[in-house]
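*Asks:* Letter by letter, the chains look like this.
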Amino acid sequence: MLNQLSSILLEVLQPGDVIGFTFFTGYMSMFAASVFFFMERSEVDGKWRTSLLISGLITMIAAVHYFYMRGVWLETKTSPTEFRYIDWTLTVPLMCVEFYLLIKPYGGKTSTLWRLVGYSVFMLVTGYIGESIDPARTVLWGAVSTLGYIGIVYEATLGSVKQVADQSPNPEVSKAVRLLRNFVLIGWGIYPIGYMTMPGGLLGNMGLNLDLIYNIGDAVNKIGFGLVVYGAAVASTKRESVKVMTAVNA
Amino acid sequence: MLNQLSSILLEVLQPGDVIGFTFFTGYMSMFAASVFFFMERSEVDGKWRTSLLISGLITMIAAVHYFYMRGVWLETKTSPTEFRYIDWTLTVPLMCVEFYLLIKPYGGKTSTLWRLVGYSVFMLVTGYIGESIDPARTVLWGAVSTLGYIGIVYEATLGSVKQVADQSPNPEVSKAVRLLRNFVLIGWGIYPIGYMTMPGGLLGNMGLNLDLIYNIGDAVNKIGFGLVVYGAAVASTKRESVKVMTAVNA
Amino acid sequence: MLNQLSSILLEVLQPGDVIGFTFFTGYMSMFAASVFFFMERSEVDGKWRTSLLISGLITMIAAVHYFYMRGVWLETKTSPTEFRYIDWTLTVPLMCVEFYLLIKPYGGKTSTLWRLVGYSVFMLVTGYIGESIDPARTVLWGAVSTLGYIGIVYEATLGSVKQVADQSPNPEVSKAVRLLRNFVLIGWGIYPIGYMTMPGGLLGNMGLNLDLIYNIGDAVNKIGFGLVVYGAAVASTKRESVKVMTAVNA
Amino acid sequence: MLNQLSSILLEVLQPGDVIGFTFFTGYMSMFAASVFFFMERSEVDGKWRTSLLISGLITMIAAVHYFYMRGVWLETKTSPTEFRYIDWTLTVPLMCVEFYLLIKPYGGKTSTLWRLVGYSVFMLVTGYIGESIDPARTVLWGAVSTLGYIGIVYEATLGSVKQVADQSPNPEVSKAVRLLRNFVLIGWGIYPIGYMTMPGGLLGNMGLNLDLIYNIGDAVNKIGFGLVVYGAAVASTKRESVKVMTAVNA
Amino acid sequence: MLNQLSSILLEVLQPGDVIGFTFFTGYMSMFAASVFFFMERSEVDGKWRTSLLISGLITMIAAVHYFYMRGVWLETKTSPTEFRYIDWTLTVPLMCVEFYLLIKPYGGKTSTLWRLVGYSVFMLVTGYIGESIDPARTVLWGAVSTLGYIGIVYEATLGSVKQVADQSPNPEVSKAVRLLRNFVLIGWGIYPIGYMTMPGGLLGNMGLNLDLIYNIGDAVNKIGFGLVVYGAAVASTKRESVKVMTAVNA
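Residue numbers (numbering that gives the first Met the number 0), protein chains in the order written: chain A, 0 to 249; chain B, 0 to 249; chain C, 0 to 249; chain D, 0 to 249; chain E, 0 to 249.
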């Protein structure tokens, strides 16, 4: 018993446990990303600081949950879906806030923010029902959940987010919205695939591992999302500073 | 036994445990809100920084207590009322301090602060007696406790808080007081409902869950309270900065 | 046994445990006060920052010890005197440093600092002997310990602290010294009362609880001490800034 | 059993456990180095701050993993290779980012960054296979892994990193690239030696200890890497400041 | 058993355990000192900030090790020499760095730094052998170790540290070197005494307690060392600022 107890307390990763490996790297990379976004925040123009703060909060919240999930995995070799949805309940709406913060200085409306948040909450609640509460109809709920996802993609591709961003005199804004849209379109596309690998899902017999897909998807999407915003902030800050210098010299 | 011990140490959330879900999201969202308020503090005018600091302390204190309550819930599927009152003993007076800090630059008096703190302490002490020490007369104590609640609402709706705020040349102050008053009136109204669902309370047979109501109420009220102050601080800082720029150009 | 073990690990507060309640609020309020003093430090004039830092260190050190004492209390329903004296060994001399920092810019001498620290060490060592090492003669040691206490009161009421403070052109300094003196005179007066409630002490049969008295006394004195310094710093910073603005306009 | 349990919880280092000793000093020195790099960051020119942040993240990530490995070592007197590869998966690409950040202001291309990261990932993946998944062919995988290592050395000695650095008007950049290259060439050379001491490796019968070699190598390489960047940042900041002063005086 | 287990987890200090008392105060005072040095760092001239950072790192590293040693002491009433040497391996060279940072702006050479570090490593390695690996010849190793100690004293009293400091136009530098030298001469003299109280040492039969001597010595030396540097930094910053003001007025 002592040996087992010690393994609980020490949480030793077993050789060849690739999924456990990704829980560890997910936890550490998101934690390091938070420190990065929080510290680089002071190096960009004031108007970009709230965006970088939100980037850091997204990875920080994820890091805390990966820390928990990592421990549960080591002990039980399972990872309850609950923790992922707790994480997403907080981080996905914050990702929608990132879209809004980009277009806010150029006339973006709070109604756009609420619409994005509404889509994301709809997507998460129906997805959660399909995974945890009504798994018998997982395909149906997955399809319903996808409607919320489509809503976010629409806003960023054709809707008001895209329209306001295109009118911004700041070229980084338009580029950042396009890149973030790509993350939603391509990066978030990983989650439905994970969803379909559940027993009863479309890809349920292919033997793909849900946790592995989610772990890689989360790290790429959350850190990538933040890096796009960071890149826009740095480029915009640099351009503004050149403009000021030119004006002073002239 | 080992399995049970490990479940203590790992605190694994069970599928479908919606109340446990809200303990986790309450903890994480309040923690993230504290980081947000503390970091955005440097972006607003000096006179607003103490207000944002208090906003962050309120959510920070709540986050620590939700961390505890979360652990106790996972283990025992109960949540002792004691922890909530320890939290409220510190956070409700700090919310009253927020009202005072808003009106202080425009002639708000410390007597107003002490009156608000007095009402809140009265409300909490009598509420605690009704919930923990004298549950046989829970309805009576609930009614007495409500008097303190009415006192705070009065101050913010008709009393000195409202009066001083209306005289402020800063339009954000008056708006913030009105919004915070609404949180007290509507948001804090959740707590008496929770109170009445106790055995012996007016709604004691309706099967509502006290913890679920409290968890949602706390997160909405504490983060919302802070966001109202943050919104006023950002708007006021922006307006002042435009004024300075105009003066410089003229 | 598992149940007991879990209660250790979770440290669940029992309903009606008022002393445990004050251990929790003491811990949280001192922790929050430290964050407050550390963060507000950047808002006051440079010369006040060391004072605010010391204020924050005092409550931080106390918070750490209350965290320990809280855990010990939950488990054993006792609180070893050792922890309190470890806390006081560090925080009481730091409170004496606060007096010194107030008068230092106006000619306060380091000899005054050493005298204050000497009195406080004398008070603590003899008090500790009376409580832990030679409890048979607790009354005698209590009387001896009081001499150190009188020394600190003397310095702040008639001695060099008072004299230098009165010569300061900064009115906040003199006021702060008077208020801190009152904390020593009235607030610290709680401790001898606690001391006398020990078995063999003068009030040993009155059934007062030593820990309850200490918990309330510590929170009021340490946070109050810091708030007095904070108030002086804010008032002085504001006055100086008005003076500078007037000079610029003239 | 209690005694054993307590040794788990307390993690007492045994006298003469030199490897355990280096796990402790590795953990503490990397943690202290992170605090150093993060705090000194504000003392150098803005363009060097991201480099110092990355230096601090590298040692911070290593500190966290050494904290884990230290605990596992105390309990089991072994150290799973998994933890080292989790660490390296994050820190080695970040070291490549350091090279890129040095040459970026002088025309360094992102293609160079991706090439460096690609080499490092290749080196780590094939190395991991040789150590954990296919230990029967450890020599073969070690040789393959070395190709990635050679790629990094090539870039820094003859390739685009070296070329761009030499064109920089800032002499510190060229010097820093040369020093970092030396760390890769000499410092990283420790790892293959460690690799060859595995059973089945070239030096497998010499009784050298893999963990001792890795612990010393990690501390020297990671802190040294950061100190080279720090030295360049300080020298460059000082030179720029002298230039500005001279211009002002002229 | 539960009671014993709880005492492990709670680490309750026993009444009259004076050595345990000093482990606690050592831990807390060094932690508080680190916060002090890190925060006051922003109040002194840029050139002093690295010195204050090193001061804070020294006490921070010591605080972490005292935290461990405190726990081990509570459980076992012993304190393995290993932890002290792990601490000193990192902090004593950092104290040598403090000497170097003082004289660096006035022509101090890195060769002086390496000599100091070399002496300290020699002193520690031979001291460790005498205490842990070859206790039969503890007197011999103690004598050898003293040679390293004499080397550091020589450098600071007659050697290059002293010579460069005397040539500094900044009077605080020369004073600080003299005070730090006194710490080495008098304060570090505590350690050999502790060493001689070992069984087989010169004072082995006098019943002195090694841990008590080390705990008091560490706190006095490490915090005192930092305070000397802090005092020099504050005095130098003030003098420079007066000089600048005089120049502006003239």
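Watch out, some of these pointers could steer you wrong.
Any copy will do: because identical chains look the same in the list, a pair fits if it lies in one copy or spans two.
The calculated lysine to aspartate or glutamate pairs, modelled on DMTMM-like cross-linking and capped at a C-alpha distance of 20 Å, are [to be verified]: (1) 174 <-> 210; (2) 237 <-> 44; (3) 174 <-> 239.
Hints are computed from structural coordinates only; laboratory data are not their basis.
*Asks:* Tell me, in ascending order, the numbers of any earlier hints that this structure violates.
*Replies:* When the structure is compared with the hints, only number 1 turns out to be violated.
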